[in-house]
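Trainee: One letter stands for each residue in the lines below.
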Amino acid sequence: MAYTAQEILEGLAEIVAEETGLPTDAVVTEKSFTDDLDIDSLSMMTIVTHAEDKFGVRIPDDEVKNLATVGDAVSFIEGAQAA
Amino acid sequence: MTAAPASRDVVVTGLGATTPLGGDAPSTWAAALAGESGARTFENDWAEKYGLPVTFAATIKVRPDEVLTRPETKRMDPSTQYAMVAAREAWQDAGAPEVDGERLGAVVSSGIGGIWTTLDGWDLLQERGARRMLPMTVPMLMPNSPAAYVSLELGAKAGAHALVSACASGAEAIGYGVDMIRNGRADVVVCGGTEATIHPMPIAAFAASRTLSLRNDDPQGASRPYDVDRDGFVIGEGAAVLVLESAEHAAARGARVYAKIGGVGLSADAYHITSPDPEGTGQVSAMRRALEDAGVTSRDVVHVNAHATSTKVGDLTETASIRTLMGGEADHVRLSATKSMTGHLLGGAGALETLFTVKALADRLAPPTINVANPDPELQVPLVRDTPEKLPDGDLVAINNSFGFGGHNVALVVTSA
Numbered sequence: 001m002a003y004t005a006q007e008i009l010e011g012l013a014e015i016v017a018e019e020t021g022l023p024t025d026a027v028v029t030e031k032s033f034t035d036d037l038d039i040d041s042l043s044m045m046t047i048v049t050h051a052e053d054k055f056g057v058r059i060p061d062d063e064v065k066n067l068a069t070v071g072d073a074v075s076f077i078e079g080a081q082a083a
Numbered sequence: 001m002t003a004a005p006a007s008r009d010v011v012v013t014g015l016g017a018t019t020p021l022g023g024d025a026p027s028t029w030a031a032a033l034a035g036e037s038g039a040r041t042f043e044n045d046w047a048e049k050y051g052l053p054v055t056f057a058a059t060i061k062v063r064p065d066e067v068l069t070r071p072e073t074k075r076m077d078p079s080t081q082y083a084m085v086a087a088r089e090a091w092q093d094a095g096a097p098e099v100d101g102e103r104l105g106a107v108v109s110s111g112i113g114g115i116w117t118t119l120d121g122w123d124l125l126q127e128r129g130a131r132r133m134l135p136m137t138v139p140m141l142m143p144n145s146p147a148a149y150v151s152l153e154l155g156a157k158a159g160a161h162a163l164v165s166a167c168a169s170g171a172e173a174i175g176y177g178v179d180m181i182r183n184g185r186a187d188v189v190v191c192g193g194t195e196a197t198i199h200p201m202p203i204a205a206f207a208a209s210r211t212l213s214l215r216n217d218d219p220q221g222a223s224r225p226y227d228v229d230r231d232g233f234v235i236g237e238g239a240a241v242l243v244l245e246s247a248e249h250a251a252a253r254g255a256r257v258y259a260k261i262g263g264v265g266l267s268a269d270a271y272h273i274t275s276p277d278p279e280g281t282g283q284v285s286a287m288r289r290a291l292e293d294a295g296v297t298s299r300d301v302v303h304v305n306a307h308a309t310s311t312k313v314g315d316l317t318e319t320a321s322i323r324t325l326m327g328g329e330a331d332h333v334r335l336s337a338t339k340s341m342t343g344h345l346l347g348g349a350g351a352l353e354t355l356f357t358v359k360a361l362a363d364r365l366a367p368p369t370i371n372v373a374n375p376d377p378e379l380q381v382p383l384v385r386d387t388p389e390k391l392p393d394g395d396l397v398a399i400n401n402s403f404g405f406g407g408h409n410v411a412l413v414v415t416s417a
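As given, the protein sequences belong to chains W and A, one line each in that order.
According to UniProt numbering, the first sequence is numbered sequentially starting from 1.
According to UniProt numbering, the second sequence is numbered sequentially starting from 1.
Just chain W, same shape as in the assembly:
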């Protein structure tokens, strides 16, 4: 069963909060991982690893650079699980 965009956002927010210590409500769609949430490349790869695990999708390394915002990640995961 596929996750909804809202469920993906909530799940992603939990992963980001666990990795960064930010509150989950700081993780909203328009936020940039690097500029707003101050997430470095190693932390981003950690988040990707956990997100792949949680949502049962594959996020290729080449795609990660395109995931600028939380919304980009939610959209990618939503699309990837449909694929």
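No lab work stands behind these hints: they were computed from the structure.
Wrong hints could be hidden among the right ones.
[Unchecked claim] Straight-line alpha carbon distances no greater than 25 Å define the calculated DSS-like cross-link-like pairs of lysine-lysine that follow:
1) A/K61 with A/K74
2) W/K54 with A/K74
3) W/K54 with W/K31
4) A/K74 with W/K65
Starting from the structure of chain W, add chain A where the hints point.
Mentor: Relative to chain W, chain A alone:
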């Protein structure tokens, strides 16, 4: 005794620790003076699951996840977590000195490194494959991680170092910190040692080398240096960190000074990979060099914090070495074997025992050695047993000895402030 030139004086202005006896330096020292043991029976299934012959250890009293943030505990190996807890305390205890980052160093050692991360990573690889490996694995497992994180935390840019010499690592880190100040590379150095190896694999490995106590029915009585019935060491975990400072820098900011690190003595046995040279030649050399470096003689020494891990051979080799070095003057020494209470913190041991030596001089109290029901008749130096002993008035000199697998010998001479 003759004082070293003022420009070379290195003083201790901050102390921090997290150990089997307490979550900070004051509670650890208070528990040591009270003669408490930090050894506890495991609350896990390791004995049944892996057939471990040892079912206890001196586990840390306050888990770091009670002190650090969740992201910190997720991205640091436990060995780094302990170091961070101790370093933050030491830094605050020193009054968070204002110092140019280019003049601030970090030297934090571990004997083994991030072994939890290494082994967890291997488990994860076997269970889930390479795709699930966490990106932070390498910076977590590398043995310089504690030094690197302390450097990051404090902005220490004069250098971040992690000297490794097994169970002498923590003392060697302090010795290197002294060198950094003496040779002008830094004015302040945060230095110490840490270890987090209470994991079934290293315990099985130490047990295989027949060095661990098997006194499973009496964990608190298991670490008994110099008792005739000692049967090996008790593995411990934790960290201790000292803030070292040039005497001028400390004086300029009106810092409280606990004691001086007067001398550093290093040697290697070049005898056997694990056994100490029974002649004690290397141990004697290390102590002699440390005393010479401090500009004092063995006659000045009132207290020795022994390496004394509670093994049959090691304990007696050390006291024989002290007797060889000091001759009749050894009768005036008050010898303390604090591993009887803390267990053996491996890479953390030399730092914790230097902290104890500093506190012993500052408070003029030699900490006790517990569990000595029947002193070994071959013990050659007066031992402080059961309760602390008052040290004399006036200028005091003490030695902390640390020896490591590989034949590493480190002696640090501590003198009263």
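Trainee: What are the numbers of the hints that this structure violates, sorted from low to high?
Mentor: Hint check: nothing fails, all pass.
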